[in-house]
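Residue numbers (this note's numbering): 9 to 91.
Rather than coming from a laboratory, the hints here were simulated on the basis of the structure.
Any given hint could be a false lead.
Computed list of lysine to any residue pairs in SDA-like fashion (alpha-carbon distance at most 25 angstroms, straight line) [unchecked claim]:
| no. | residue 1 | residue 2 |
| --- | --- | --- |
| 1 | LYS15 | GLY27 |
| 2 | LYS41 | ASN10 |
| 3 | LYS41 | LEU11 |
| 4 | LYS41 | GLY18 |
| 5 | LYS41 | LEU69 |
| 6 | LYS15 | PHE61 |
| 7 | LYS30 | PHE61 |
| 8 | LYS41 | GLY27 |
| 9 | LYS41 | ARG26 |
| 10 | LYS41 | GLN72 |
| 11 | LYS15 | LYS41 |
| 12 | LYS30 | HIS47 |
| 13 | LYS30 | GLY18 |
| 14 | LYS15 | MET64 |
| 15 | LYS30 | PRO54 |
| 16 | LYS30 | LEU78 |
| 17 | LYS30 | ALA45 |
| 18 | LYS41 | ALA51 |
Taking CB as the label site, the calculated pair distances span [unchecked claim]:
| no. | residue 1 | residue 2 | range |
| --- | --- | --- | --- |
| 19 | GLN72 | ARG20 | 16 to 24 angstroms |
| 20 | LEU50 | GLY27 | 40 to 48 angstroms |
| 21 | ALA75 | ARG46 | 26 to 34 angstroms |
| 22 | GLY56 | LEU19 | 30 to 38 angstroms |
| 23 | LEU91 | GLY42 | 44 to 52 angstroms |
| 24 | LEU19 | ALA51 | 28 to 36 angstroms |
| 25 | ALA45 | MET9 | 18 to 26 angstroms |
| 26 | GLY90 | GLY18 | 19 to 27 angstroms |
| 27 | GLY18 | ALA71 | 34 to 42 angstroms |
No residue lacks a Cβ here, since even glycine has one placed at the ideal position from N, Cα and C.
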Amino acid sequence: MNLTPGKLWGLRRMADARGIFKMTAVDQRPPIKGPIARHLGLAEAPWGEVARFKRMLIEELQAQSTAMLLDPHYAIPHGIDGL
Numbered sequence: 009m010n011l012t013p014g015k016l017w018g019l020r021r022m023a024d025a026r027g028i029f030k031m032t033a034v035d036q037r038p039p040i041k042g043p044i045a046r047h048l049g050l051a052e053a054p055w056g057e058v059a060r061f062k063r064m065l066i067e068e069l070q071a072q073s074t075a076m077l078l079d080p081h082y083a084i085p086h087g088i089d090g091l
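Modelling step: build the complete structure from the supplied sequences, incorporating the hints.
Pasting the structure below:
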């Protein structure tokens, strides 16, 4: 596969020194919303609780990640400044 220099550079920025990708996906909603709702005894997880949990994931996992996939509804508005 031939990659342009820009694409190769972008891919290299998302990998560690050995060229391994260690990405964290914080864009999933149902797997996070369900347990929060059950824990709180509610039918639906409150927006603020989901956003707070995603921010915690970003803060705790960013040191071990080479890239993070964030959703535009919760993670970006509530957690992007934590990166």
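Structure-based check of each hint:
1. LYS15 / GLY27: holds, 14 angstroms
2. LYS41 / ASN10: Since the Cα atoms of LYS41 and ASN10 sit roughly 41 angstroms apart, the hinted pair is violated (cutoff 25 angstroms).
3. LYS41 / LEU11: violated, 38 angstroms
4. LYS41 / GLY18: violated, 32 angstroms
5. LYS41 / LEU69: Between LYS41 and LEU69 the Cα gap is close to 19 angstroms, so the pair holds against 25 angstroms.
6. LYS15 / PHE61: Status violated; Cα separation ~32 angstroms.
7. LYS30 / PHE61: holds, 20 angstroms
8. LYS41 / GLY27: Not OK: LYS41 and GLY27 at ~33 angstroms, beyond 25 angstroms, violated.
9. LYS41 / ARG26: violated, 35 angstroms
10. LYS41 / GLN72: holds, 24 angstroms
11. LYS15 / LYS41: violated, 34 angstroms
12. LYS30 / HIS47: violated, 29 angstroms
13. LYS30 / GLY18: holds, 14 angstroms
14. LYS15 / MET64: Not OK: LYS15 and MET64 at ~31 angstroms, beyond 25 angstroms, violated.
15. LYS30 / PRO54: violated, 30 angstroms
16. LYS30 / LEU78: Measuring from Cα to Cα gives roughly 14 angstroms; hence the hint holds.
17. LYS30 / ALA45: At roughly 29 angstroms apart (the allowed maximum being 25 angstroms), ALA45 and LYS30 break the hint.
18. LYS41 / ALA51: Distance ~10 angstroms between LYS41 and ALA51 Cα, so the pair holds.
19. GLN72 / ARG20: 16 to 24 angstroms: Since the Cβ atoms of GLN72 and ARG20 sit about 18 angstroms apart, the hinted range of 16 to 24 angstroms holds.
20. LEU50 / GLY27: 40 to 48 angstroms: With Cβ atoms ~44 angstroms apart, the hint holds.
21. ALA75 / ARG46: 26 to 34 angstroms: Given range 26 to 34 angstroms: holds, Cβ gap about 30 angstroms.
22. GLY56 / LEU19: 30 to 38 angstroms: holds, 35 angstroms
23. LEU91 / GLY42: 44 to 52 angstroms: Violated: the Cβ-Cβ distance is about 26 angstroms, outside 44 to 52 angstroms.
24. LEU19 / ALA51: 28 to 36 angstroms: violated, 42 angstroms
25. ALA45 / MET9: 18 to 26 angstroms: The hinted range 18 to 26 angstroms is violated for ALA45 and MET9, with Cβ atoms some 43 angstroms apart.
26. GLY90 / GLY18: 19 to 27 angstroms: For GLY90 and GLY18 the Cβ distance comes to about 23 angstroms; the hint holds.
27. GLY18 / ALA71: 34 to 42 angstroms: violated, 21 angstroms
The structure is inconsistent with the numbered hints 2, 3, 4, 6, 8, 9, 11, 12, 14, 15, 17, 23, 24, 25, 27, although it conforms to all the rest.
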